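J.: Spelled out, the chains give:
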Amino acid sequence: MTSPSWNDAELIAALLAIDPTGLGGVVLDHPSHEAAREWLTLVRACLPDGAPMRRVPASVTEDRLFGGVDLAATLSAGRLVVEPGVLAAADGGTVVLPMAERASAAVLAGLVEVLDAHAVRVEREGIAARHEARVALVCYDESADDESLPAALTDRLAFKLTGLHVYSCADARATALSDAVTAARPRLASVTDGAAWLDAVCELAQAYGIVSLRAPLLAWRAARAHAALAGREAVTEADATVASRLVLLPRAITMPSPPPPPPEESNDETPPEPPSADDDTPPDAPPEPPPEAPEPPDAPEPPPAEEEASDDARPPADILRDAVAASLPPGMLEQLLAQSGMQRGVQGKVGEETVSLLRGRPRGARAGEPRGGARLHLLETLRVAAPWQRVRGRTSREQRVALRKDDFRVRRFIERTGTTVIFVVDASGSSAIARLSEAKGAIELLLAESYARRDRVSLIAFRGATAETLLPATRALARAKRVLAALPGGGGTPMATAIDAAVTAAIAAERSGSAPLVVFLTDGRANIARDGTPGRGKAAEDALAAGRAFAMARVSALFVDTSLRPDGTGRKLADAMRARYVPLPAANSAALSGLVRMVQQEAGA
Amino acid sequence: MRHVYPFSAIVGQDEMKLALLLTAVDPSIGGVMVFGDRGTGKSTAVRGLAGLLPPMTVVEGCRYGCAVPKDGAGCGYCDRGHAGHDKIHKTKAPVPVVDLPLGATEDRVVGALDLEKALTTGEKAFEPGLLARAHRGFLYVDEVNLLEDHLVDLLLDAAATGENVVEREGVSVRHPARFVLVGSGNPEEGELRPQLLDRFGLAVDVKTPTELATRIEVIRRRDAFDRDPAAFVAHWEKAEKAVRKRIQKGRDQLPDTTVPDEVLERATALCAKLGTDGLRGELTLLRTVRAYAALEGHAEATLADLRVIAPLCLRHRLRRNVLDEANSTTRVERAIDELYAAA
Chain A
1 MTSPSWNDAE
11 LIAALLAIDP
21 TGLGGVVLDH
31 PSHEAAREWL
41 TLVRACLPDG
51 APMRRVPASV
61 TEDRLFGGVD
71 LAATLSAGRL
81 VVEPGVLAAA
91 DGGTVVLPMA
101 ERASAAVLAG
111 LVEVLDAHAV
121 RVEREGIAAR
131 HEARVALVCY
141 DESADDESLP
151 AALTDRLAFK
161 LTGLHVYSCA
171 DARATALSDA
181 VTAARPRLAS
191 VTDGAAWLDA
201 VCELAQAYGI
211 VSLRAPLLAW
221 RAARAHAALA
231 GREAVTEADA
241 TVASRLVLLP
251 RAITMPSPPP
261 PPPEESNDET
271 PPEPPSADDD
281 TPPDAPPEPP
291 PEAPEPPDAP
301 EPPPAEEEAS
311 DDARPPADIL
321 RDAVAASLPP
331 GMLEQLLAQS
341 GMQRGVQGKV
351 GEETVSLLRG
361 RPRGARAGEP
371 RGGARLHLLE
381 TLRVAAPWQR
391 VRGRTSREQR
401 VALRKDDFRV
411 RRFIERTGTT
421 VIFVVDASGS
431 SAIARLSEAK
441 GAIELLLAES
451 YARRDRVSLI
461 AFRGATAETL
471 LPATRALARA
481 KRVLAALPGG
491 GGTPMATAID
501 AAVTAAIAAE
511 RSGSAPLVVF
521 LTDGRANIAR
531 DGTPGRGKAA
541 EDALAAGRAF
551 AMARVSALFV
561 DTSLRPDGTG
571 RKLADAMRAR
581 YVPLPAANSA
591 ALSGLVRMVQ
601 QEAGA
Chain B
1 MRHVYPFSAI
11 VGQDEMKLAL
21 LLTAVDPSIG
31 GVMVFGDRGT
41 GKSTAVRGLA
51 GLLPPMTVVE
61 GCRYGCAVPK
71 DGAGCGYCDR
81 GHAGHDKIHK
91 TKAPVPVVDL
101 PLGATEDRVV
111 GALDLEKALT
121 TGEKAFEPGL
131 LARAHRGFLY
141 VDEVNLLEDH
151 LVDLLLDAAA
161 TGENVVEREG
171 VSVRHPARFV
181 LVGSGNPEEG
191 ELRPQLLDRF
201 GLAVDVKTPT
211 ELATRIEVIR
221 RRDAFDRDPA
231 AFVAHWEKAE
241 KAVRKRIQKG
251 RDQLPDTTVP
261 DEVLERATAL
271 CAKLGTDGLR
281 GELTLLRTVR
291 AYAALEGHAE
301 ATLADLRVIA
311 PLCLRHRLRR
321 NVLDEANSTT
331 RVERAIDELY
341 AAA
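In order, the protein sequences belong to chains A and B. So for the first sequence, our numbering puts the first residue at 1; every next one is plus one. So for the second sequence, our numbering puts the first residue at 1; every next one is plus one.
Please note: incorrect hints may appear among the correct ones.
[Claimed, not checked] Simulated DEER-style distance windows between Cβ atoms:
1) A/M99 with B/M56: 44 to 50 Å
2) B/E338 with A/L564: 41 to 47 Å
3) B/K238 with A/A367: 56 to 62 Å
4) B/E217 with A/R482: 54 to 60 Å
5) A/G568 with B/D337: 54 to 60 Å
6) A/A77 with B/E163: 31 to 37 Å
7) A/R482 with B/D256: 47 to 53 Å
8) B/A304 with A/A119: 41 to 47 Å
9) A/A77 with B/L212: 56 to 62 Å
[To be verified] The calculated lysine to any residue pairs, modelled on SDA-like cross-linking and capped at a C-alpha distance of 25 Å, are:
10) B/K117 with A/D407
11) B/K241 with B/I10
12) B/K117 with A/P472
13) B/K124 with A/P472
14) B/K241 with B/L21
15) B/K207 with A/A117
16) A/K440 with A/V391
17) B/K90 with B/I247
Rather than coming from a laboratory, the hints here were simulated on the basis of the structure. Predicted model only: the values in this text are computed from it and were never measured. Ideal placement from N, C-alpha and C gives every residue a C-beta, glycine not left out.
In isolation and in its complexed conformation, chain A is listed as follows (with noise of 0.2 Å):
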């Protein structure tokens, strides 16, 4: 099967090589990796000889990133011997970010900033530096369900290539492309706009729906990169299609009128409307390309002006918006709509990490040895122990720094940076529907609550047969507002698996180096089992198993029993999870929120 994406990927790495500081680089969507090695070998070809790819593996530490202090050139030497970051050491290439929906703040705050400025700065251990890093950054998105690329990032980078599979380049083919680059490198500042192309990108990216600046911004200069790559001097249709294809589709969030059909347009007369984009569909973006021809990319487009002429009483956005549609195979407008709709419902993901940022990172250090765990803090002891070097009778260069017991400093960590309230709500048919709106009304009381207290609140629903989690932990509360708000109710009441998920959460905020506080809104009337399966009785069961096993997990727990009449179901399954039990009717709003901090105090002492 001849998948599209072949000739995007080609496109892609050519134009990135042409203008790589201005388009900033690539997301590739889960591509395997055999496939994205030969893209990038691809890559490599068409960047001068001798460019460099640097590859940030998900545990770089940030003065490796950065630049820091070469501690073993520091130590001979006896002064500060700088070592440049990855970043500045692949200046004038690409970098290469594998796994970046993983990428720490830390690591996403350098990559953004050398995307906008095309230099990292160098603030940390005594170093102030700046270092020039004109890359491309090539990020790998192996995101599960729940991750997403930082927006931050994706906002910056041009382009987004699907379905990297299986690729290979013919060896001709790669000549040919990198040749055409070389050639078109040089052009690149003098194209200008042929025919107010800028403004019909604009026009699309808005009738798109998208909001940010910079992809049209990034569209226009793919498109200005486009037109070098074909030996032009303007920019025409051609390039604005290709460029607005491979750069605002992909982030589009809405359609304008749906274009595969458009049967309005045929009507102005023009009978060769469709074919004005069928026409320019092979030379500029054939989406079969022939794999054998290694021509292509040097001499493809003959330049398509003369179509121009037929759509002369259109507004040249109407023709881009029609010929990037039509570029298209048909299916594929839902599927990005899709996937645009899912990217911007995960808007804040950034804001999550800076929470673990705190964590497990060092603040400062302290006098101590280091053992029974205790990191050392080479560059502290060696700072304490300098002004001292004089006096233990280090005279020369030669010599080693005198290192005394009392100079050891060890690092210190912040430590729990506060409480993540996990709210579990039963939004099943049984007990919610009546009461899911006086739950809600106590979550938003608590939520209120925990926005005073700066904790963070993640958010588990369960009906039907499954317990989602609809809002990870986070300090946004608006939005948990607004997901809170948006619940449906109805279906069955799968108790067990709401509380296997609850502890999962809880876990997963303790290992984030928060303390969780679970908080249960259910009737507790089962009727699902952990299979699936329906019937009270094996439900029953199966939740009071997980009650247990919720237990021997020792997270402290509220469970607030939303019955209409308690009959000793939510008691029960409260005991068997050792969370302190309150029934709804008697917790007036106050008082919950007054229960909340209680438990927190007891769970704190």
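For this one, chain A is given, so just place chain B on it according to the hints.
T.: Below, chain B without anything else, positioned relative to chain A:
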């Protein structure tokens, strides 16, 4: 060599530009917090500001960029000169606009022992950090909500007291650090601590322009800059010069600009109506309206001036209910409208 996108070439975003100009005229207004969408030119504006500020007079050789001290308010070096030990020479230096990278460590922010000197000569010397470099200028933190809390605390502390006190690894240093803190952030990416917000003098909401013509103009200018930065900068030099002149004029006029009682009373009424805590709101309104009048060339601030700058000063001081999604800007504007209609 490196060309910076000119401040005046930024399309729209008038409120953000105004806020920055006001703090350039009167740094005592306090910092500016810029909320907003991605890609709205927040960083571009701050970086462009550097080119607009008239150079300042500093003591030659002073590592902290002190003004020539009149009363011993400078750093140790300058005060010694003042006491007659050394002769002080004046020189001109550009106003610093320091960009704080998010990966900065505490020792680089406040300054620390000079490791190199300590290792080579055994001398205990202080190496000034970013706070020292930002003295009398601007300190910019992009995505301030991503900065670690303890660094934010350090910044706020220095910004509030106007000096940086360092007590670490045997170095004991105190030096002036008066700077305008400019932060930017996207509230969707994590809440800001309310205490932090209150410390900023002004707050701006920037939005991505939605009007097509404006959007096209943004891209067109950016494209022109991409293609030939030198020519673009030269083309805008005239406009830049005009802004520079406006700032200088505003500064010169600031001491003679008065704020009449009726404006003060209205400012107080506004704060009372909105229920802002403490006196910071009133104080900021007073300073800002004076700076605005000076910038506009009015000898006396007017009620109309107050109306222009009030949202800037107050929108981040409302007692916030996170769950109330009503925009704080709308709330401020509603209060202003009511108050002005009643009067």
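J.: If a hint holds in the structure, say so; if it does not, say that too.
T.: A quick look at each hint next to the structure:
no., hint, result
1, A/M99 with B/M56: 44 to 50 Å, "47 Å, holds"
2, B/E338 with A/L564: 41 to 47 Å, "45 Å, holds"
3, B/K238 with A/A367: 56 to 62 Å, "60 Å, holds"
4, B/E217 with A/R482: 54 to 60 Å, "34 Å, violated"
5, A/G568 with B/D337: 54 to 60 Å, "57 Å, holds"
6, A/A77 with B/E163: 31 to 37 Å, "35 Å, holds"
7, A/R482 with B/D256: 47 to 53 Å, "51 Å, holds"
8, B/A304 with A/A119: 41 to 47 Å, "44 Å, holds"
9, A/A77 with B/L212: 56 to 62 Å, "59 Å, holds"
10, B/K117 with A/D407, "18 Å, holds"
11, B/K241 with B/I10, "15 Å, holds"
12, B/K117 with A/P472, "48 Å, violated"
13, B/K124 with A/P472, "49 Å, violated"
14, B/K241 with B/L21, "14 Å, holds"
15, B/K207 with A/A117, "22 Å, holds"
16, A/K440 with A/V391, "68 Å, violated"
17, B/K90 with B/I247, "23 Å, holds"
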